[in-house]
Structures are given as C-alpha cells and as structure tokens.
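Relying on the hints, combine the two individually framed chains into one complex.
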Amino acid sequence: MRVTVIDYKAGNLASVLKALGHLGTETEIVDGPTSLDAAERIVLPGVGHFAATRRLDETGLTPAIRAAIARGVPFLGICVGMQWLLEGSAEAPDQPGLGCFIGRCERFPAGSEKVPHVGWNSLGIRNGSRLFAGVEPGAFVYFTHSYRAPVIKDTAAVTQYIDPFAAAVERHNVFGVQFHPEKSSETGLQVLRNFVEFSPC
Amino acid sequence: MLTKRIIACLDVNRGRVVKGVQFVDLVDAGDPAALAARHAREGADEIVLLDITATQEGRQTLLETVRRTARRFFIPFTVGGGIRSGDDAARVFEAGADKVSVNSAALADPSLIDAIGCSFGAQAVVVAIDARRDPQAVDPVRDAQVFVHGGRKPAGRRAVEWARQAEARGAGEVLLTSMDADGMRTGFDCELTAAVSEAVNIPVIASGGAGSVDHFVDVFRRGKADAALAASIFHFGVSSARALKEDLARAGVPVRLLC
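Each protein sequence line maps, in turn, to chains V and X. Residues 254 to 454 in the numbering used here are what the first sequence spells out, letter by letter. Residues 5 to 263 in the numbering used here are what the second sequence spells out, letter by letter.
Hints were generated in silico from the structure; no laboratory data involved. It is possible that some hints are incorrect.
Stated by the list, open to error - Which bits of chain X does chain V cover? Going by a derived footprint, with three or more residues having C-beta under 8 Å, they are:
1) 89-103
2) 133-144
Unchecked claim - Distance condition first, Cα-Cα at most 16 Å in a straight line; then the derived EDC-like pairs of lysine to aspartate or glutamate:
3) Lys157(X) to Asp138(X)
4) Lys406(V) to Glu340(V)
5) Lys228(X) to Glu195(X)
6) Lys228(X) to Glu366(V)
7) Lys262(V) to Glu98(X)
8) Lys157(X) to Asp184(X)
9) Lys262(V) to Asp284(V)
10) Lys271(V) to Glu281(V)
11) Lys271(V) to Glu98(X)
C-beta atoms are modelled at their ideal positions from N, C-alpha and C, and glycine is treated no differently.
The shape of chain X in the complex, shown without the other chains (with noise of 0.2 Å):
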C-alpha cells in the first residue's frame, strides 16, 4: 500500500538550519548536514532544503550545503529557495538533489516548469505554493490567493488555479503552505489542502501548522494531503520522525515504519 509521506524540512539561513515563528526571532536550530542526518535515520520519508534568504553570496553557501548534506542519507532530497533557470537547477541538481522546489520564479515566467522538467523528469519539479485565504473572497477557501516574497505581496493568483496550471506544466508535485497556519503549530489548513489536492492529480505536500500528531490525521484525512511536511517539531525533539508515525499507524494511517 502507497503510504503517507511525513517529510523533514531544514530551512537554512547562510549555511544554519533556522526556524522562526511568524517570520521573525530566527533561532539557530543546528548544522543541515548532521540534522538532515538524523531526521532520515529516525524515519522521515524525505528531507527539504530551503534556502530562506537565497542571496546572491547565500548561492555558494547552499550548493556546499546540498552537497555536504546529500552525502549523509538515501532518501529523495528537495532543495529549495533562489532557482531561477534550468542552470541553478542543473547545479543544485549536481550537488545532489533529487528534486528542485520552485516557487516565486516560476511564478513570474511558468515556462521554468517546462524548462527543467525536460532536463530532469517531471519528478524532479516541486512546485511550491504559499497560499492564504482570502477573507474578502465569497469563497476564502476556493479563492485563496498565492503569496511571494515571503508571504508579504499577492501574487495576484488564485491558488487553486496555480496548482492546476503547474499540473498543466509537469510539474511533478505540489507543496502547498499555508501563510494563515505556517508556524502557529495549531494545525494544517486542512480545507485549503483539499481543495488543492482535489484540483490536480499530482500529489501535494500540505505544509504550515503542525503541532501534533492528531494535526496530521488531520490533513491526512480531512485534507487528502499525500505528504505532509514539518519543520520546528522535530528540530527541537519535541516529537521525532520515528514517535510521530508510530502514533500515525496506531491511527489508522499508513505510514512507512522502520523495523
């Protein structure tokens, strides 16, 4: 039976796994390398990369930190944050990505779906979607708008549309965030996630808002998510890959275990 995918993602400022709560108060939570490590031996199904600031010196940074981080486990690796052509790709792809999440850049020009989709395999496309609703909407759930730049400027798209138009693409998955949830740990937008996922036919990985496990039945369930993906729960060893499946399984969720 296909299984949930629970994936651990490292958000790197210049060469540090950060994690901060509402996009401020960044707290140092540790080297990439040696977390990414840990989160793969304790049963996370994937690892994520994201370069939050992907400035232009923080570019040689992350390929040093994908391919130092690339050598430590063998489960598939996204790595996120400043890809803007096929050649950014191509490089992170040679230091040992197995798929490249984008987000802002092919907003502005979709066709970098495309571009490097034909290089790599649709699979290897994550297309990243920050997403919050839209209260002034008739619909905030169905017309939830994209975000860029941090979650600070409309995009000018709704999200639902989006994640269809990058289907349309090849894009090979669907990472959708929540900017209502993203950090608060009181759990996934649970209905902005199906709407997404019941939109397309490729999978989608619900991020923002997990605090605990009953969140992810949640989204699992409720949501139709097929992966899901947090970060500062197990950073901190709040909760571990390992603890949290294991409470997934005794739920009803599959879910890969270790032996």
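So that you can see chain V by itself, here it is in the shape it has in the complex (with noise of 0.2 Å):
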C-alpha cells in the first residue's frame, strides 16, 4: 500500500510521513497534479492558516484531487485539511474550500476560554464509524486550533469545546480529522491504520 501526501507548503510533513512509515505504509509526496492520477491513498496534511490552500488551486491540484475523490480513491484530510474539505472558512473567507461537505468553519467565539484550542480532548463517536473503528468511545486525540468545523450529518466524532464541533468527518471515501492523528499516540495510529486499511467497496 502507498500513501500520496500531498506537500502544499505548509507546515511540515515529517510527523504525518513518520506516522505512516510506522504502521509500514510506502509514502510519496507530490506537490503538482499529475502526480495524483495513480494514486492509491491520498492524506493531505496541514498546520496553519487555510489561506495555505489557495496554493492547490494555484498547482492545479484540487481539480487533481476532486478526480481522485470521484475515481473512489480514499481521501484523509488533516486539520486545515480537513477544513478545506468544507465549503469554506472564515479565517480566509475570499479562498474556497473543496465543498466536499457543507458548511463553513468560523472561529471559537472569544471569552469563556482561550483561543486557540491546543491540547488532548475526547472524541464523542458516531456508530458504524470506519475511521474509528477499534476506538474506544471518549478516547483522547490531540487537537491545535482556532477555527472549527459545524456538526454535520457527515460529522464521525463530535469534541467539546466552548460548544460541540465536528472533530472528524466521512462520507464514502473522503474523511476529515480535525485533530492530529499523527500526534494522538496509540489512538492516532489507530485512526490512521483504519484509514490505510480501509477497502473502498
């Protein structure tokens, strides 16, 4: 099995690649489109700002990715990548996201707790779930954030945090963590395991 990861330059990739190399997965990174037509997983990590994603657009990969997405090949994005694969976000509200699933994300409101959200908090988990298949209910996940996504019939774990927001979504082939896998020790590798062994029907 090998993972395309996808470098957009955002933050760094060695925690997400080291991750995978762990659970024995074949990595390779691309940073332009063709690269994605034979593609068999793809993760597209992210630490920053969303504006970061523009740069897909800017490549030509998000045309690329939508294919894969349409071609059934499994799709995990992290943290700002997974918000990009809402329709938007209010911490870049003139750059698209993917619209993969409705909604736009907007900031935690100020006042009652600090802003960013950075730290282990637990996952409230949908049944039937394949992402987070083998995890216990209430599992810890570490989360670094300020902007956060609404709960959406596709929302596969819900987190508290000032209010409820979706901490993982999936539909099909596409999912979406919130959270940092690749730093949510056994729980993490768990969600990625599940993520690399999952068979697309």
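Have a look at this one:
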C-alpha cells in the first residue's frame, strides 16, 4: 500500500510521514497534479492557515484531488486539510474549500475559554464510523486550532470545546480529522491504520 | 473536555539528559530517546527537549538527538535551545520536532516569532520565558522580570508584558519558568503563573518547582496553567506520569488517562 502525501508548503510533513512509515506504509510526497493519476490513497496534512490551501488551486491540485475522489480513491484531510473539505473558512473568506461537505469553519467565540484550542480532548464517536473502528468512546486525541467545523450529518466524531464541533467527518471514501492523528499516540495510529486499511467497495 | 497537560522535560547536555540543582551539580539521568519513549509510554502528554548548553558543536549533536528521539513516540515534541533563526528552526522541524521553543533569541529579535510562525504555523512556536519576582517592585509578581543566560542576566522586561507581546507576534504557547522556584521542589509559582495566564489568550505551560501532586493541582487551579512541565520528578522514578495523572484525576483535575 502506498499513500500519497500532498505537500502544499504549509507546515512540516515529517510527523505524518513518520506515523505512516511506522504503520509499514510506503509514502510518496507530491506537490503537483499529474502525480495524482496513479494515487492509491491520499493524505492532505495541514498545520497553519486556511489561506495556504490557495496553493492547491494555483498548482492545479484541486481539480486533480476532485477527480481522484470521484474515482473512489480514499482521501484523508488532517486539520486545515479537513477544513478545506468543507465550503470554506472565516479564516480566509475569499478562499473556497472543496465543498465536499456542507458548512463553513468559524473561529471559536472569544470569552469563556482560551483560543486556540490546544491539547488532548475526547471524542464522541458516531456508531458505525469506519475511521474510528476499534477506538474506545471518549478516547483522547491532540488538537491545535482556532477555527472549527460545524456538526453536520456526515460528522463522524464530536468534541466539546466551548460548543460541540466536528472532530471528524466521513462519507464514502472521504475522511477528515480536525485533530492530529500523527500526534495522538495509540488512538491516532489506530485512526491512521483504519484509513490505510479501509477497502473502498 | 479539554484536559490539563503533563509535559515531561528533558534537559540535554552533549546528547545526554542531565539534571542540575540550581544550575550546578549536573547528574546524568540517561539517554534522551529512551527516557522520552518511557515518559510517552507512561502517559506524558508531550515531550520537551531543551539543549541547555546549545554550543555550536552541540548543534549537530542536538539534531542527531532530536532525530533519534522523535522516532520513538507519537505525541507532540518540542525542542529548544540555541534556536536563533528561521533556518535553525527549519532544521529542528526537519529532524522531527513539532514545535520549537525560543527564548533569548526572540528577546533580542522578536520578529523571529513571526518568521517561524509564518513558515510553520503559530502552533509551532513556543516562547519560553524565564522570570523572577522583583522584590523591589510595588507588585513583585506583576512586575516579575525576564532573565536570560540561565537566569543570570536581566533582560530588562517584565514577564507579563513580554508574554503579551509574544502573543501579539503570533506565539502559539508560553512556557513560563519561575527562576525562584526552579529545582526547589517546593511548588510552582502560582501567583506568577496566574498573572501571565490571565494576561494572554494562548496556553501557558508552568515550569519550575514541581515536587508533589499537590503542586500540580495548585498550579492548575490557582495558577490557571493550561499545562505543567516537570523534569526531575519523572527521571529518577520518583513519580511516573501515569501515577501523577491518576492522583490528579482523583483530585478532580481533568487529565488524559491511559486505558
């Protein structure tokens, strides 16, 4: 199994590559659209700013990702990579997301708690989620973000910080996690393992 | 619920973990990679590795140590010591760090915070502040002073103000060490921690003075810390992260417990 990791020059990829390597997965890094034609599985990592996803449009990766998803290639977006799967984010209002899931990301409201939301928080997992197979309800994962996705029909896990927000989304072959599975110890590795081993029907 | 983080800190000198008492009597505490792996296994929420000498020749040792250590666990990993430029930071990230901690170089040139944040995201920049109460001041806590060079040289700034400025520059977290409490095992400086934590909207990691479970309970409650860092109390098996967190949970502090 080979996983294609997309490099859009936003943050470092080392941790994601290390975690996938630990699971015995072969990885390749791409930063252009042609190389997605033969992709078996795609991961879009992300730390940083939603505006960085503009590079996906500029390099022609956006239509290539759209086509890969339409072909049924399993896709996982992490952090900003998940937020990009929605329609957009208040962090960069002019930059559209892929629109694979409905809703827009908004900043956590100021006031009662610190923003960003940094640290280990627990997951409320939807029954039947493939991404969270074998993960205990209430398991802890590591977050670091200031914008969050709304809870929708395709939300696979909910986390509470100020309000409930979507910690993960999943539909068919498309998955997204707001937390960092590569930094979330055994729970995170299980999520990545589920993604890598998931067989699209 | 967002939990309070327990962070295991490794002070590294020439590739070995050391622990001093008030900056002298360095005792060898072992191999950084092995110790980090043990802390992660026992439930530490993050690992911080600080190169306490950060000499030029130590730089390569540090990168090698970071690379070797980062392979051993899958929790957040912060590296500090001798990071003076965006390029220094990039090398440390490339070696496997998730965050870098900057201290004296950021005081000398605060734009270092923006520069690293711009390339690697604000979440990747931890600003370390070594502070000491100012007994001469009207309010010794609010006027606590920042120190550099292992606490020997005053930086001419107040800790609370510097924390605010670091936040405005885009720092992701503040790592606040009380020079008064450091190594004493008599408890964190809760007043100082609360003063800084209330002044900023980013997480504050309390450091210096950990000696018992009650000290951690105190710094999370009174000190309003988001995370607490401890070094020596873990290294010699005085208390494992697991035992500490079980005790904290019993005291009503939200923590991530292992199954």
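Hints, verified against the model:
no.: 1; hint: 89-103; result: holds (count 5)
no.: 2; hint: 133-144; result: violated (count 0)
no.: 3; hint: Lys157(X) to Asp138(X); result: holds, 14 Å
no.: 4; hint: Lys406(V) to Glu340(V); result: holds, 15 Å
no.: 5; hint: Lys228(X) to Glu195(X); result: holds, 9 Å
no.: 6; hint: Lys228(X) to Glu366(V); result: holds, 12 Å
no.: 7; hint: Lys262(V) to Glu98(X); result: holds, 13 Å
no.: 8; hint: Lys157(X) to Asp184(X); result: holds, 14 Å
no.: 9; hint: Lys262(V) to Asp284(V); result: holds, 9 Å
no.: 10; hint: Lys271(V) to Glu281(V); result: holds, 12 Å
no.: 11; hint: Lys271(V) to Glu98(X); result: holds, 11 Å
Checked against the numbered hints above, the structure violates only hint 2.
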